[in-house]
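A.B. asks: Residues per chain, in single letters:
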Amino acid sequence: MSSVAIARSRSLDESSLGKVFIAPSVLTMALVALFPVLYAMVLSVFSYDGLRREGFAGLVNYAEALSSGEFWRPVNATLVFTAASVTLEFLIGLGFALIMARAFAGRGLTRAVILVPWVIPTVVSAQMWGLMFQVTPGFINHYAWFVPQDFNWLGTPGWAMVAIIIADVWKTAPFVALLLLAGLQTIGQDVYESARIDGASAWQRFTQITLPLLKPAILVALLFRSVDSLRVYDLPKVMTGGAFGTETLSMLVQRFVADTPDPGMGATLSILTFIAVLGIGMIFVSLLGRDLAGGGEGR
Amino acid sequence: MAVARDRHGAAGRCRRARRWGGVALLAIIWCWCLLPFAWLIDVSLKTGNNALSSPLLTQGPFGLDNYASVFGQGFGYNLRNSMIVASVTTILCISIGSLAAYALARLRLRRKALILAGVLAVSLYPPVALVPPLYELWRSLGLLNTYAGLYIPYTAFTLPLVIFILTTFFASIPSEMEDAARVDGATPFQTFARVILPLSAPGVFAAAILVFVHAWNEFLLASTFAPRSLAVQTVPVAISVFTGSVPFQHPIGAITAACVIVTVPMILLVLLFQRRIVAGLTAGGVKG
Amino acid sequence: MTKWIALVTALVLVAASCVGAREPGESGGLVWAIGAVDARPGGSASDTVAMWNQLHPNGPNVRIEALPESADDARQQMVLELNARSSEFDILTLDVIWTGEFAENGWLVDLEDIRPAIEAVSLPGPLQSATWGGTLWAAPHTSDASLLYYRTDLVDQPPRTWNELMEVGLRVGKERGIAPFVAQGAQYEGMVVNYLEYLWGAGGDLFSEDGTEVRFQREPALKAITFMRAALQNGFYAPGFNTMKEEDSRNAFQSGNAVFMRNWPYAYHLMSGQDPRNPSKVAGKFGIAPLPTFEGEGTISGTGGQNLAVSRFSGNVEAAKEFVRFASATPEVQRKLGQRSLAPTMASVYGDLAGDPVMALLGQVLPHARPRPSTPDWSAISEVIQREIFPAYNGQREPEQAVEAIRAFLQSTLDEG
Numbered sequence: 000m001s002s003v004a005i006a007r008s009r010s011l012d013e014s015s016l017g018k019v020f021i022a023p024s025v026l027t028m029a030l031v032a033l034f035p036v037l038y039a040m041v042l043s044v045f046s047y048d049g050l051r052r053e054g055f056a057g058l059v060n061y062a063e064a065l066s067s068g069e070f071w072r073p074v075n076a077t078l079v080f081t082a083a084s085v086t087l088e089f090l091i092g093l094g095f096a097l098i099m100a101r102a103f104a105g106r107g108l109t110r111a112v113i114l115v116p117w118v119i120p121t122v123v124s125a126q127m128w129g130l131m132f133q134v135t136p137g138f139i140n141h142y143a144w145f146v147p148q149d150f151n152w153l154g155t156p157g158w159a160m161v162a163i164i165i166a167d168v169w170k171t172a173p174f175v176a177l178l179l180l181a182g183l184q185t186i187g188q189d190v191y192e193s194a195r196i197d198g199a200s201a202w203q204r205f206t207q208i209t210l211p212l213l214k215p216a217i218l219v220a221l222l223f224r225s226v227d228s229l230r231v232y233d234l235p236k237v238m239t240g241g242a243f244g245t246e247t248l249s250m251l252v253q254r255f256v257a258d259t260p261d262p263g264m265g266a267t268l269s270i271l272t273f274i275a276v277l278g279i280g281m282i283f284v285s286l287l288g289r290d291l292a293g294g295g296e297g298r
Numbered sequence: 000m001a002v003a004r005d006r007h008g009a010a011g012r013c014r015r016a017r018r019w020g021g022v023a024l025l026a027i028i029w030c031w032c033l034l035p036f037a038w039l040i041d042v043s044l045k046t047g048n049n050a051l052s053s054p055l056l057t058q059g060p061f062g063l064d065n066y067a068s069v070f071g072q073g074f075g076y077n078l079r080n081s082m083i084v085a086s087v088t089t090i091l092c093i094s095i096g097s098l099a100a101y102a103l104a105r106l107r108l109r110r111k112a113l114i115l116a117g118v119l120a121v122s123l124y125p126p127v128a129l130v131p132p133l134y135e136l137w138r139s140l141g142l143l144n145t146y147a148g149l150y151i152p153y154t155a156f157t158l159p160l161v162i163f164i165l166t167t168f169f170a171s172i173p174s175e176m177e178d179a180a181r182v183d184g185a186t187p188f189q190t191f192a193r194v195i196l197p198l199s200a201p202g203v204f205a206a207a208i209l210v211f212v213h214a215w216n217e218f219l220l221a222s223t224f225a226p227r228s229l230a231v232q233t234v235p236v237a238i239s240v241f242t243g244s245v246p247f248q249h250p251i252g253a254i255t256a257a258c259v260i261v262t263v264p265m266i267l268l269v270l271l272f273q274r275r276i277v278a279g280l281t282a283g284g285v286k287g
Numbered sequence: 000m001t002k003w004i005a006l007v008t009a010l011v012l013v014a015a016s017c018v019g020a021r022e023p024g025e026s027g028g029l030v031w032a033i034g035a036v037d038a039r040p041g042g043s044a045s046d047t048v049a050m051w052n053q054l055h056p057n058g059p060n061v062r063i064e065a066l067p068e069s070a071d072d073a074r075q076q077m078v079l080e081l082n083a084r085s086s087e088f089d090i091l092t093l094d095v096i097w098t099g100e101f102a103e104n105g106w107l108v109d110l111e112d113i114r115p116a117i118e119a120v121s122l123p124g125p126l127q128s129a130t131w132g133g134t135l136w137a138a139p140h141t142s143d144a145s146l147l148y149y150r151t152d153l154v155d156q157p158p159r160t161w162n163e164l165m166e167v168g169l170r171v172g173k174e175r176g177i178a179p180f181v182a183q184g185a186q187y188e189g190m191v192v193n194y195l196e197y198l199w200g201a202g203g204d205l206f207s208e209d210g211t212e213v214r215f216q217r218e219p220a221l222k223a224i225t226f227m228r229a230a231l232q233n234g235f236y237a238p239g240f241n242t243m244k245e246e247d248s249r250n251a252f253q254s255g256n257a258v259f260m261r262n263w264p265y266a267y268h269l270m271s272g273q274d275p276r277n278p279s280k281v282a283g284k285f286g287i288a289p290l291p292t293f294e295g296e297g298t299i300s301g302t303g304g305q306n307l308a309v310s311r312f313s314g315n316v317e318a319a320k321e322f323v324r325f326a327s328a329t330p331e332v333q334r335k336l337g338q339r340s341l342a343p344t345m346a347s348v349y350g351d352l353a354g355d356p357v358m359a360l361l362g363q364v365l366p367h368a369r370p371r372p373s374t375p376d377w378s379a380i381s382e383v384i385q386r387e388i389f390p391a392y393n394g395q396r397e398p399e400q401a402v403e404a405i406r407a408f409l410q411s412t413l414d415e416g
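Quick mapping for you: the protein sequence lines, in order, are chains W, A and U. Residue numbering for the first sequence follows numbering that gives the first Met the number 0, beginning at 0 and increasing consecutively. Residue numbering for the second sequence follows numbering that gives the first Met the number 0, beginning at 0 and increasing consecutively. Residue numbering for the third sequence follows numbering that gives the first Met the number 0, beginning at 0 and increasing consecutively.
Note that these hints are calculated values from the structure, not bench results. Small disclaimer: the values here were computed from a predicted structure and weren't measured. C-beta atoms are modelled at their ideal positions from N, C-alpha and C, and glycine is treated no differently. One thing to keep in mind: the hints can contain errors.
The calculated label-pair distances, taken between Cβ atoms and stated as ranges, are [as the list claims (entries may be wrong)]:
(1) ARG52/W with ARG79/A: 39 to 47 Å
(2) ARG193/A with ALA104/W: 35 to 43 Å
(3) PRO156/W with ILE40/A: 27 to 35 Å
(4) LEU97/W with ALA282/U: 51 to 59 Å
(5) VAL263/A with VAL41/W: 19 to 27 Å
(6) TRP71/W with ASN52/U: 52 to 60 Å
(7) LEU33/A with GLU208/U: 53 to 61 Å
Turn these sequences into a full structure, and let the hints steer you where they fit.
C.D. replies: So, in structure tokens, the structure goes:
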């Protein structure tokens, strides 16, 4: 057969093979994740009185939510939280990753130590930080000598959000570190060697070799941390209950889904949250797609 | 470079300063990561109900009461359940996810961006809103209080992360290796299993750890689908059911004790696998 | 290597698929869903169950199904089951504020046929919390009423009015360098009860007795908020007051850092220092008294506690009703609860418990204690009160606006019907 024909038949095999490889993933995810979205889309167009369906309401729920300050305040709080904590997690996680990749005495233990915050169950971590920041008995206030003993972290507007961000960054910086560490492994040592021979400084090697080659891993880390932060629930719920401007979108959703149930509004808020998170996620995906698409086609 | 260093004094002084700087940095990192964990251990060892009545970590009395009470509540079963669910989730995620990632990274597939977007979209729904619809669905499928009722959704919701990590990882592997394998007559699947996977060990291990820990610590779905039956109840749910000795009393002692019990094996696991995560691309001689 | 992985995978998958269907409930048995502490083996619920099972050797036996510690989580689990019309639970343990909601959603069987038996023995406050729309939907099981804790080494007799309390507290607190007062000021349900106690103490209320009219007047409502604002600003409220819940205030008082505390009776025995493993800095140095009011006459505490109800989807409604009546109207059962420091709802039992200082005081306080309204809209009303009163007393909302917003919302719940 001519080489063109071989190439064509091989590419056909690849395409259907690709579908076969992808199929199990798609099926599993569709089965579980698609249903709640469809469920919520249906519910959101009805109006409810408590748990009783009153009637078809079209987009009334959406209009009500979008025009209410009660919706935009949690949106604001969530955005502030996400921006601050993802930035900090990235910077600290990058530092951790660079350290974890190096060889030095005690590196195995250090790598394990860095991952300790990540393995602590979230249910415990939220309570732990809440109790440490509490004025009574005031663990953090006592041991952080520069903070006055009766500093009311969780009861002061502004500082409540800071406390929550600290707790979140502590817990999830290792996640970012792990992702970036895996990414660092794909950069061969010889690239650095030739750069060093050419006289590049450590900083130049970092900014012109490491960072660009790490870009896909960075984007994945930022993507997943962002979409998770946008949906944070446990931490603010346990630490402040949403007081002083720390109520997040997911807390608002939970209010209408479970606390004071209104299935129509709860579904509406879920869909709105979903759309918002999807939008931000897509920005990252498009940035990432350019990097990934190059791998398959350009050969 | 060497010339520049000498100009500022003995090269030894510079090196010593850097070493002390490194030690100081390590100390800061260790403190940052471990001090809260030290708090956990400290509170778990305080007996009675005044664990929180003093800001001092050294305030006694101390004892192992909390640990005794944790195991007295059937915690061993919860550890087993979490182990099984997390392990199955990890195995499923890695096997299914790596196939999908390979397809996305290497094989010709139309509309990759769309697929990537769809994969991501799956995991974006606010978790608290998943509970009512999935509970209904699980009820009718008879999946409540079963292991499958847990590892199926866990797999579904963690697959996006795995796929994204592994796709970027696979995409960064130079194609010479696969071309060599293809010239030798290997099918794409063989190429995948024998060439790509071993080369991506660091990425695969990192993803595996992330999935395992994530499944282990998941609370919301576990408390909805397997809330009470000791046959399936996982560790985070068990912790949330701990009680004090009287109403209103917060069982912080039992909670922290359970947390320590659970964290120690996880840290050992990480210690065991941490070298795998940093194994470089030395296997198989990629370069040269 | 691959073979090892395959083997391990296979083993794990097999193990996983082995665990499956729930065990079917014992035929004819009853399931009692109860949360938190009481459900533990050796907890108060097991006393009651033991007594019942002894009296009914031929069944139906009662089995305890333990719900989570947090009231919200327990409620959510019950709601999930009831929404799905499951017959998993026969007897439900409801927090006093859930009666209206559960009844309105059609999840309960009314207890009208055992109403006379219940009414004859129960205290008025708890009984009111179990009634909605004129019907008895649950049987009072345990109650709770808040008390004033005070340091006996610093204060002889606690004052009878809030303003005096503030004055004494500030003076003594300044002398000793400790906080005058701790209570529950975080943004949650507990704060609402605190506020209601001020409101009632000022002569105000939310609704009329029958729940058909709004009685939320400007004057007492403002009086209460003004007091709270002043208390926060002049240091009467301890630092961190606006993040405190029950345990936080107990911890502060127990470590000797407060002169007065408003809390539930549970704290008494925890702070008494009787158990050598639980040393308490205030052991032997504190006492309990009824809460003050603004006028100085009488006392009004908010009530808590739990009621027992029968699920509409139960497979054995008659037996369940019988158990519910048993748990709430049998002297032996209620006395046992009292001995475990859970306030009984059966008035007559208090005489037997007079030896216990907490029970003795509760016996005096409970007849005057008031429940929160048992309307199904309570969780929504509570939300609104939290979101208005919390910023108001923290100086971030004008009290007038807060009061008006609450009044408007209360009215809207009545208008919707």
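A.B. asks: Now look at each hint and say whether the structure bears it out.
C.D. replies: Hints and how they fare:
1. ARG52/W with ARG79/A: 39 to 47 Å: Roughly 43 Å apart at Cβ, these two residues keep to the hinted range, so it holds.
2. ARG193/A with ALA104/W: 35 to 43 Å: Since ARG193/A and ALA104/W have Cβ atoms about 36 Å apart, the given range 35 to 43 Å holds.
3. PRO156/W with ILE40/A: 27 to 35 Å: Holds - the Cβ-Cβ distance for PRO156/W and ILE40/A, about 33 Å, lies within 27 to 35 Å.
4. LEU97/W with ALA282/U: 51 to 59 Å: Since LEU97/W and ALA282/U have Cβ atoms about 54 Å apart, the given range 51 to 59 Å holds.
5. VAL263/A with VAL41/W: 19 to 27 Å: Roughly 46 Å apart at Cβ, these two residues miss the hinted range, so it is violated.
6. TRP71/W with ASN52/U: 52 to 60 Å: Check passed, 56 Å falls within 52 to 60 Å.
7. LEU33/A with GLU208/U: 53 to 61 Å: holds (58 Å)
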